[in-house]
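Whenever a hint applies, use it, and build me the whole structure from the sequences.
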Amino acid sequence: MLTKRLVLAAACILTTFAALPAAQAADPTYTVGAGGTYRPFEFETPQKELVGFDIDVIKAVGKAGGFNVKLVSTPWEGIFATLDQGDRDIIISGITITDKRREMVDFSAPYFPADQVIITAPGAKVAGLADLKKLQVGVVNSSTGDIAVSEELGRASTSIRRFDNTPLMLEELYRGGVDAAVGDVGVIKFYIKSHPEKPFKLVYDNKFKRQYFGIAVKKGNKVALDKINTGLKKIVADGTYAKIYKQWFDADVPTLPQQ
Amino acid sequence: MGGFQWNIISEYMPLFVEGTLMTLKCTVICVIAGTLLGLVLGVGRLAEARHGFYKYFLRYAVQYPVRFYVSFFRGTPLFVQILLIHFALMPMLINPSGGLIISGDFAREIRSQYGAFMSAVLAISLNAGAYVSEIFRAGIQSIDRGQAEAARSLGMTYMQTLRKVVLPQAFRRMLPPLGNNAIAIVKDSSLASAIGLAELAYAARTVSGAYARYWEPYLMISLIYWAITLVLSAFVQHLETRYGKGDRRQ
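Each protein sequence line maps, in turn, to chains E and W.
Residue 1 is where the first sequence starts when you use our numbering, and the numbers rise one by one after that.
Residue 1 is where the second sequence starts when you use our numbering, and the numbers rise one by one after that.
Don't read these hints as lab results, they were simulated from the structure.
We treat Cβ as the ideally placed atom computed from N, Cα and C, and that holds for glycine.
All clues given are correct.
Some but not every residue of chain E turned toward chain W, in silico, with C-beta under 7 Å:
1. Phe80
2. Met104
3. Asn141
4. Thr158
5. Arg161
6. Gly176
7. Gly177
What follows is the structure, encoded as structure tokens:
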């Protein structure tokens, strides 16, 4: 009787010792940075909790790819530097994959198609990107819209007015401080939906290249990147991605390119 | 890190040049407007009469509002004041759809051309006025009461006493803190980058945003700010020696 108990106890202790380090090695915890002012991709609840499409995606990716997610609200300004400094392991913040950014960080496979759109007052005579040349154009600092407008108006043009976030930029447009603005269609549409009192006109232009959002890690961090890509593939395949997408956007679930 | 990349700076040179000009323009206007406002407020803060109607008028219609004003602008962050003025007060006054002062297409035109500039200058000037008024108050109070009494007994009016006897003496003592205030304005103008005013800090924000590099742009504008404040303090020193002469025995 006593020996039986002893054996059982020993077995218990042994298994816990054996299981603990193994479990830790299998599921690392990554610190994930995301900006807090990019509705509906990431924003903060009154309880300071980060929520949004990106947040749901990275949580699902973590679960499927085998890592724990520790979310930290990180302002967009300087967000890339947090990877190099080791403050964050992963950033997901509606980041469009561009060649220039590829030089600084490594990107996961695309997880969201990002289209740019021009927003103006209802009466403005703007038919496309070319018409912005003589206007004051609002963009979010170093966003994809900023890059597109910079190409059109010149990188150092003072007609480009850069703001910290989309709501600030759209407020300035609404107040007549800028003549037009350029931003991500998903964010803009969500803003218009939640502010029906502000009349805006959306202008699409084929000159905006179709681009995609990616999840970024520090250059050379292959371990994290592989886990992210594995997780992403899994949630797309098993329908979790589609479920999250439908929860945040009205439109049909897009097919993502594999790369 | 890859060393100090000069090409980043040179690529964005027009932005840095325009940013410097904008910072200078902002500083000059705000220093002048802030000093004038501060003079009016400082005198208003001290306005008092011994008896009769003016005693109560000066106390409740001049002194108390000025105290309230100074307390508000010194008691809230300038950054908040800039946002408050740009996104709340100015849209109320100048708005294409029913602004109190200007409305219609002209308002749109003004806002898009000068909106951020006007808001920044207004906010910084109002803020500086509050601080400068305290400098004036301290300066005026530091002049011996006998000076004013002597002037009044010579038959000078209140304004004459202030203009010809008290203020010239007080001004000498106020120069160092006024210089300090001007230097603070140079640096405070950087807060206007939040409303999209293309000044120096805005240029650095743009560059760091585009390249995710922080040494080059922020070191660059630090040097420019430093140069501006050095020139400014040299100018104040020059004024001090010039207006301080009367105090020195030759």
